[in-house]
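J.: Given the coordinates of chain X, assemble chain C onto it according to the supplied hints.
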Amino acid sequence: MSRRLPHVDRVGVEERAAQLGKRSIKTTAKEQGIRLAISMLDLTTLEGADTPGKVRNLCAKAVCPAPTMPEIPSVAAVCVYPSLVATAAEALRGTGVHTASVATGFPAGQTSLEVKLTDTRDAVEAGADEIDMVISREAFLAGEDARVQREIVAVKEACGDAHLKVIIETAELGSYDHVRHASMLAMEAGADFIKTSTGKAASGATPGVCLVMLEAIRDYTERTGRPVGFKAAGGVSTSKAALHRLVLVKETLGDEWLTNERTRIGASSVLNDLLMQYAKTETGRYGRSEDFSKE
Amino acid sequence: MTTETRTTITWDYAPAPEATDHIRLKDRYGLFIGGEFVPSERYVPTINPATEEPIAEIAWAGPQDVQRAIEAAREAQPRWAALPERERAKYLFRIARLIQERSRELAVVETMDGGKPLRESRDVDIPLAAAHFFHYAGWVDKLVYGVNAREVRPLGVVGQIVPWNFPLLMAAWKLAPALACGNTAILKPAETTPLTALLLGEIIQEAELPPGTVSILPGDGALGAQLVRAPGIDKIAFTGSTGVGRDIQAALAGQPTRLTLELGGKSANIVFEDAALDQAVEGIVNGIFFNQGHVCCAGSRLLIQESVQHEVINKLWRRMSLLRVGDPLDKNTDVGAINSAEQLQRIEALVQAGEEEGAHRQSVACELPARGYWFAPTLFTDVSPVHRIAKEEIFGPVVSVLSFRTQAEAIEKANNSPYGLAAGIWTDKGAKAFEVASALKAGVVWQNTYNHFDPTAAFGGYKESGFGREGGPAGLRPYLEIVR
Chain X
65 MSRRLPHVDR
75 VGVEERAAQL
85 GKRSIKTTAK
95 EQGIRLAISM
105 LDLTTLEGAD
115 TPGKVRNLCA
125 KAVCPAPTMP
135 EIPSVAAVCV
145 YPSLVATAAE
155 ALRGTGVHTA
165 SVATGFPAGQ
175 TSLEVKLTDT
185 RDAVEAGADE
195 IDMVISREAF
205 LAGEDARVQR
215 EIVAVKEACG
225 DAHLKVIIET
235 AELGSYDHVR
245 HASMLAMEAG
255 ADFIKTSTGK
265 AASGATPGVC
275 LVMLEAIRDY
285 TERTGRPVGF
295 KAAGGVSTSK
305 AALHRLVLVK
315 ETLGDEWLTN
325 ERTRIGASSV
335 LNDLLMQYAK
345 TETGRYGRSE
355 DFSKE
Chain C
67 MTTETRTTIT
77 WDYAPAPEAT
87 DHIRLKDRYG
97 LFIGGEFVPS
107 ERYVPTINPA
117 TEEPIAEIAW
127 AGPQDVQRAI
137 EAAREAQPRW
147 AALPERERAK
157 YLFRIARLIQ
167 ERSRELAVVE
177 TMDGGKPLRE
187 SRDVDIPLAA
197 AHFFHYAGWV
207 DKLVYGVNAR
217 EVRPLGVVGQ
227 IVPWNFPLLM
237 AAWKLAPALA
247 CGNTAILKPA
257 ETTPLTALLL
267 GEIIQEAELP
277 PGTVSILPGD
287 GALGAQLVRA
297 PGIDKIAFTG
307 STGVGRDIQA
317 ALAGQPTRLT
327 LELGGKSANI
337 VFEDAALDQA
347 VEGIVNGIFF
357 NQGHVCCAGS
367 RLLIQESVQH
377 EVINKLWRRM
387 SLLRVGDPLD
397 KNTDVGAINS
407 AEQLQRIEAL
417 VQAGEEEGAH
427 RQSVACELPA
437 RGYWFAPTLF
447 TDVSPVHRIA
457 KEEIFGPVVS
467 VLSFRTQAEA
477 IEKANNSPYG
487 LAAGIWTDKG
497 AKAFEVASAL
507 KAGVVWQNTY
517 NHFDPTAAFG
527 GYKESGFGRE
537 GGPAGLRPYL
547 EIVR
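Chains as they are written, first to last, in my numbering: chain X, 65 to 359; chain C, 67 to 550.
Subject to a maximum C-alpha distance of 27 Å in a straight line, what follows is the list of computed DSSO-like cross-link-like pairs (lysine-lysine):
id: 1; chain 1: X; residue 1: Lys344; chain 2: C; residue 2: Lys397
id: 2; chain 1: X; residue 1: Lys358; chain 2: X; residue 2: Lys344
id: 3; chain 1: X; residue 1: Lys90; chain 2: X; residue 2: Lys304
id: 4; chain 1: C; residue 1: Lys397; chain 2: X; residue 2: Lys90
id: 5; chain 1: C; residue 1: Lys498; chain 2: C; residue 2: Lys457
id: 6; chain 1: C; residue 1: Lys397; chain 2: X; residue 2: Lys86
So, partial list: chain C residues that the calculated Cβ filter (under 7 Å) puts toward chain X:
id: 7; residue: Gln345
id: 8; residue: Glu348
id: 9; residue: Lys397
In short, the hints are calculated from the structure, not lab data.
Don't be surprised by glycine CBs; every beta carbon is placed ideally from N, CA and C.
Excised from the complex, chain X in its bound form (with noise of 0.2 Å):
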């Protein structure tokens, strides 16, 4: 069967998306949504080089990110690879604060079913409550849409309880149309939430990938009264940048997507830059970089 994809006009989308990004957030806005973006990271570390140590630190970070500034909440999860989960399970107990774990061969899902179905299940007994997987490019692109489902499906299943993630990685897709395709395929087939990027590809979260996410969220809600989350990953690292994805969320989706249940924004600098907008906030002035730890 072949395939038939949505429209979606790329000038289109992509002017509305900057238009959206012109929204003047200052004071009281500028504060609070500070505060809602900070409760909605997860905050993630994913790389060869993580040991159990550092992810301790990230892990005490997430949950108290300012110590002096007690209105800062918490972050909404850790995000590490599968062999720290154990450890970032621990760290995280009684916090409130999840743990989450990229799964099924991430970043390039280039395995076999069987491998990414193990690499869920480990995590998961491992006390990650959240599971981020990737779909298969390899079938996407091929036009296989089914196996791409199948796949989602059977990795919903090994979560268990976990909240399922699935990660389109929009930068390897190629176009808006694809974006909304892959989306609904990922809805379809049971996402908790559709996330754009992997972190690892040459962009991620533009707000033009951003805003087609969202759109197909609003009609596949619409249309099965399941509501899907949605996550921001790759390329927030500015407060700014992190504010404006909020700006798209609020007008497309509304208000009762603003909590991290519905939203996330995964990520790991744009921690500090919204610190220290946060500070700048309070006192008018923006701080040093050094005032804050780096995990």
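T.: Chain C in isolation, oriented as in the chain X frame:
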């Protein structure tokens, strides 16, 4: 820690008003004649339609002032036309740069005087006004190539009457090509929005244009009528309503005075079932709610293919309810104030007619400020082509939805109008877009976008939407005599 972090954080945009403390408006503005601001016998306040507060007193011109301006323009014209072409271009480049330098001030004043959102005056009106001067500055030494001739000459003195919906931008559309071609000009800004035209007068002074090259005479329709009938004017360019356009054409019948008219419209925005629907909805919103619908080419007749009609209307209504209506100076406002009490009455009357004739009305339930002139964005469904709201120009934030079944029916319905200014086509199929575009009797056809303006593109109408083109090389033609 844990419990606190899970409390809900509510997020609304705080008010983000553009600062006005950098604006230094005078209490009174005179007439701009012969390179000077001169007093008048009569002053009328111009008011802010969002607050109903007066902003400044504006001199209104009388018949003697028209005569003086014409004399000054006649005197200046031969020397202006005789300037070396690159010299004349320099003045236009200077005006363009000065508009850019004062863009923030001009944007704020445009918003205060006319009620349009700052977002639009800042991002559209003022940058485009500068772009028009830049564009025509570039044509000054290439006029013959612009109109495919070997020798051209200016017409002489032109009278230009502009509307209140894009006050500075329309002044730029008119003045830039006229001056580029070697004409001198008398500009009459609209009675409710004279301020930015007068600031343009200051800019023209600062750019040291020879006195008399441009005169600016504020006043109402009576002044416009005098200007049209005054001897000594070689060409009239008018943008405004079709009714006034008819009067002007009748007044000039049998006269040697040349004329171009850019009049009203009831433009069709056609959404096919194979369109990118989310982007089409953005285009519909931009087509009709841009500048509160005070746009001659507004996409006020929305034609949707029946197979996607419900989906598009649902999406449109949802999107409309997100529009932020209110203080035009707030940087997050999408829809500002209606330009005048008179215009508000016109909109209200037509909307009432729409309800009485049986169309289904939905208006966004937004909180409107207590003072000023406001109209909530409004959607009419169950509209028949016979209804007044499907035929007459409302010039407000009101869209009428009609449906069609086939491409042929879409074309027939779109063309079934006394107007022919603009149209929009929404489809993902290139061939279909070209087919439909060539069948539409409209001066401007946008594909997968709407209300997109560019100084290089010709703009103008068919039928009762007027004649003559503005913008691009086509915009030179109405200001030139082709000698050979």
